[in-house]
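Q: What follows is each chain in one-letter form.
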Amino acid sequence: MYDRGKIIAGLVVFAGLTTLPFWYNIGKARVRPDPRLDTPAIRQMKEKHCIESKRFMIEYHMQMLNGWRNAVVRDYKTTYVSTSGQYFTMSLEDTCFHCHSNEKQFCNQCHSYADVKPYCWECHVKPGEEIAHGQR
Amino acid sequence: MKLLFAFISVVMLAIIPSIGIGYAGMQYVFGVVVPYVAVAVFVAGFAYRVLNWAKSPVPFRIPTTCGQEKSLPWIRQNKLDNPSGTPGVVGRMALEILFFRSLFRNTRTELRKGPMLAYGSSGWLWLAAITFHWSFLVILVRHFRLFSQPVPPFVNVLEGLDGFLQIGVPTLYITDILLLAALLYLFIRRVAIPQVRYVSLVSDYFTLFLIFGIGLTGVLMRYFYRVNVVGVKELAMGLIALRPVVPSGIGGLFFVHLFLISSLFAYFPFSKLMHMGGVFLSPTRNLANNNRMKRHINPWNYPVHVHTYAEYEDEFRDKMKAAGIPVEKE
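For the protein sequence lines, the chains are A and B, in the order given.
Count along the first sequence from 1, then add 217; that gives the number in our numbering.
Count along the second sequence from 1, then add 32; that gives the number in our numbering.
Rather than coming from a laboratory, the hints here were simulated on the basis of the structure.
Do not rely on the hints blindly, as some may be mistaken.
[What the hints assert, rightly or not] Pairwise CB distance ranges (calculated):
(1) Tyr293(A) <-> Ser235(B): 33 to 41 Å
(2) Pro202(B) <-> Glu310(A): 16 to 24 Å
(3) Arg253(A) <-> Ser235(B): 50 to 58 Å
(4) Ser235(B) <-> Tyr304(A): 31 to 39 Å
(5) Asn84(B) <-> Asp255(A): 26 to 34 Å
(6) Asp255(A) <-> Tyr80(B): 21 to 29 Å
(7) Ser235(B) <-> Met274(A): 24 to 32 Å
[Claimed, not checked] Think about it this way: if two alpha-carbon atoms lie no more than 27 Å apart in a straight line, the pair counts; the simulated DSS-like pairs of lysine-lysine are:
(8) Lys111(B) <-> Lys223(A)
(9) Lys343(A) <-> Lys321(A)
(10) Lys353(B) <-> Lys223(A)
[To be verified] Stretch by stretch, here's where chain B covers chain A in the computed footprint (C-beta under 8 Å, at least three residues):
(11) 221-232
(12) 243-249
(13) 274-284
(14) 324-338
Using N, Cα and C, we set each Cβ at its ideal position, and we do this for glycine too.
Start from the sequences, fold in the hints, and give me the full structure.
A: Written out as structure tokens, the structure is:
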């Protein structure tokens, strides 16, 4: 083999970079997201269900909320008809947070796990936070 | 025909996991076994190819010289295009690897009316190539968010820049568009230019389709037919912690994406994609042009049996004298 030193060094760098995920997480505690549904409003519900199916909400809630925002802000359509035919007001604060009033134990669980940084809170107030005087 | 063969191959690769997941319930095979095998083949195969290349001797300095060689002190040397030492070579290699400098020099020859031969710069291939490669790298690094907990800050910075336009939710990534657009251009170029189509092989089309398939499934999963990202991350984290788990309800599209990527990884060492490692070993770029400053001995030189004149004369002196031939030593 020619240029042994350079070749080996290059291959070591290559293998190190390729297997970086394996090294990076050694010794780090394995956390699992644990979104909680344990809020007063949900506890009082007889049948515990969201406005759409659980799977749909997990996969598509962000697109639904984005659609809601566009519908409300641009077209002033404020009523959402769910697949099961129920009517809901398109409102993050009045509809979603009515049940999911635990942002840290619910929203943030998956968002921080999957490294998602939604910009909801640039306009909206987090559930449970005090609304400063003069706002809203 | 070649195009069709490559296309059908990629479609087959996409169908295999769909059937495996949909009808046979082989989540563990496609989620755990196949990715592990693919990465192992990739790393081992890559190393094997590079070590194999390293066994070939490079007897002479054969850099392509694109500028003034180092010469007399008052003649200005072109240090990047005709390097005479390591710093120049490093600079030249960096420009080649990061910015595809030699591809940038691509020219086009045309016969115009007159007749007149015209040469012009042809930068479209370079533009599509560099867009594709950099986008692919950014996308690869962005995927590190699924392989780390907590996610390192440079990934966040990259995501922020890539999603700068803040279009839609989930935010549109610029590189997603650029990657697919560049691939589309590279494909159209291959089909539309007769000369390029003539030299295109199945493997050329196959690679294009395979990477396009990976990009397409990724885009579909992100923007249209969403999958459970948390489940995907749990799978990824399990894989790298060597404690694999396959969470239920991830969505079939993800397994197509994963299988296509695994195919790419496994195919990589056997394909011309090895230019990723090969670019570092191109002797026309990575050698300094110091032929006149240093003596380079051919590494495969063996001892040559020579018969000098002195020895020849020793052997035949008597006969030479007898024949009247003059000798140097009496």
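Q: Now look at each hint and say whether the structure bears it out.
A: Status of each hint after checking the structure:
Roughly 56 Å separates the CB atoms of Tyr293(A) and Ser235(B), a value that falls outside the hinted 33 to 41 Å. One distance hint, 16 to 24 Å for the beta-carbon pair Pro202(B) and Glu310(A), holds here, with the actual separation near 22 Å. The beta-carbon spacing between Arg253(A) and Ser235(B), approximately 52 Å, falls within the hinted interval of 50 to 58 Å. Evaluation of the 31 to 39 Å hint for Ser235(B) and Tyr304(A) yields a failure: the beta carbon distance comes to about 57 Å.
In this structure the supplied range 26 to 34 Å is violated for Asn84(B) paired with Asp255(A), their Cβ-Cβ distance being about 60 Å. With their beta carbons about 55 Å apart, Asp255(A) and Tyr80(B) fall outside the hinted range of 21 to 29 Å. Ser235(B) and Met274(A) have their C-beta atoms about 44 Å apart, which leaves the hinted 24 to 32 Å range violated. Among the hinted pairs, Lys111(B) with Lys223(A) is consistent with the structure: their alpha-carbon atoms are about 22 Å apart, no more than 27 Å.
This hinted pair checks out: Lys343(A) and Lys321(A) have alpha carbons roughly 10 Å apart, not beyond 27 Å. At roughly 59 Å between alpha-carbon atoms, Lys353(B) and Lys223(A) are farther apart than 27 Å, so this suggested pair is violated. Closer than 8 Å: that is the beta-carbon criterion, and the region 221-232 of chain A has 6 residues meeting it against chain B, so the requirement of 3 holds. Judged by the Cβ-Cβ criterion of 8 Å, the region 243-249 of chain A is covered by chain B as claimed, because 4 of its residues qualify and three suffice.
Judged by the Cβ-Cβ criterion of 8 Å, the region 274-284 of chain A is covered by chain B as claimed, because 7 of its residues qualify and three suffice. Coverage of the region 324-338 of chain A by chain B holds. Counting CB-CB distances below 8 Å, 8 residues qualify, and the rule asks for three or more.
Checked against the numbered hints above, the structure violates hints 1, 4, 5, 6, 7, 10; every other hint is satisfied.
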